[in-house]
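*Asks:* To convert, count from 1 in the sequence shown and add 889; that's my numbering.
Read the hints as simulated data drawn from the structure, not as lab findings. Some hints here could point you the wrong way.
[Claimed, not checked] In silico EDC-like links for lysine to aspartate or glutamate, alpha-carbon gap of 16 Å or less: (1) Lys-1188 to Asp-1089; (2) Lys-1176 to Asp-1239; (3) Lys-1033 to Glu-1174; (4) Lys-1151 to Asp-1239.
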Amino acid sequence: MDAPFIIYGANGYLGAQIARLAVQHGLKPELAGRNKAALTELGKALNLSVTVLPLDDPYRLEQRLKKTAFVFNCAGPFQATAQPLVTACLNTQTHYLDITGELSVFETLLGYDTAAKNNKVMLLPGAGFDVAATDCLALYLSTKIEQPTHLTLAFESQGPATLPPGTQRTAIELLAYGERLRYQGQLIEPQRRFKQKTIDLGSGPKPCLRITWGDAVTAFHSTQILTIENYLSLPVRQQQLVRLSHYASPLFQFAPVRQLAKKLLVTPPPTVEDCQKTQTTVWGEVKNQKGERFSAQLKGPEAGSLWTADIALQMIKKVLTGDTTSGFQTPATAYGADLIIENPAVRRTDLSHSV
């Protein structure tokens, strides 16, 4: 076995950040992806081995994966990269993790659950802020009242950091898809779009907009709560911009429109200073048919870069010790609700309980 694990897409912004953090903690991953020049440069900087692995060459991919314990996929959009990697992982009994937040990818990988169990392979998508933070909070909340029927999750970013470029590009790709949520156990496209809600995430009421989030698949899998909604705290003006983008979603069915939007809209990665000045709050509430409610929050670092890299490192360390569970897993089903607060930079607080 050449390297204990591979970081695929290591030449991207988040892949490189996770690789650097792994090296700081004494780990020696192999860097892989499709961009030879960028991989070679990063490999030299970190003194790590590099492999160019195109995803359209299954034989070559499997020959490399059979020599490692697991692959950590950082190459988005994941709806294009996850399936070929997962197929190769199943054929070589290699564990698979990624940092996707794409609902369609969670659906696809859930469909491989039986095959993964039969091959003793763990499939763990969402091993970053998306969706580990909300997934762990969801599982925690689900234990606080009897038979919860509704789960509401929300988050907000406080500070100057922007989203990583890859996340921005993926968001543009996903504009072609409609809004989806979990309602009475089913994934649906709601008739009422752009639902607004005022939520107190712990520091006063904030205007929030309902969004499509991976929890519609992952939190349902983790908690079996039948109705799940996700919200993002945004100023009203930004909510209006989100609405406009959704009204234009039919245009985003066309690849040239998506490519043009990426050229015009994607901004450079956040600076280290901006990330350090940014905090993230995650809020959640469960309720049941008796009217009982319980809410709690997480406070942590900037989500898109710092918190994602921290969570990824937590997962990597656990898998390296052999702490794996075969089949489709979420962060919470694999490692429990308290996974998220193993990070000393994250604090969980109970907010309210009403009967």
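*Asks:* Next step is simple, just say for each hint if it's right about the structure.
*Replies:* Here is how each hint holds up against the structure:
For the given pair, Lys-1188 sits about 14 Å from Asp-1089 by alpha-carbon distance, which is consistent with the 16 Å threshold. About 15 Å separates the Cα atoms of Lys-1176 and Asp-1239, which keeps this hinted pair within 16 Å; it holds. Using a Cα cut-off of 16 Å, the hinted pair Lys-1033 and Glu-1174 holds, with the two alpha carbons roughly 10 Å apart. Note on Lys-1151 and Asp-1239: the hinted pairing is violated, with a Cα-Cα distance of about 40 Å set against a maximum of 16 Å.
The structure fails to meet hint 4 from the earlier list, while all remaining hints are met.
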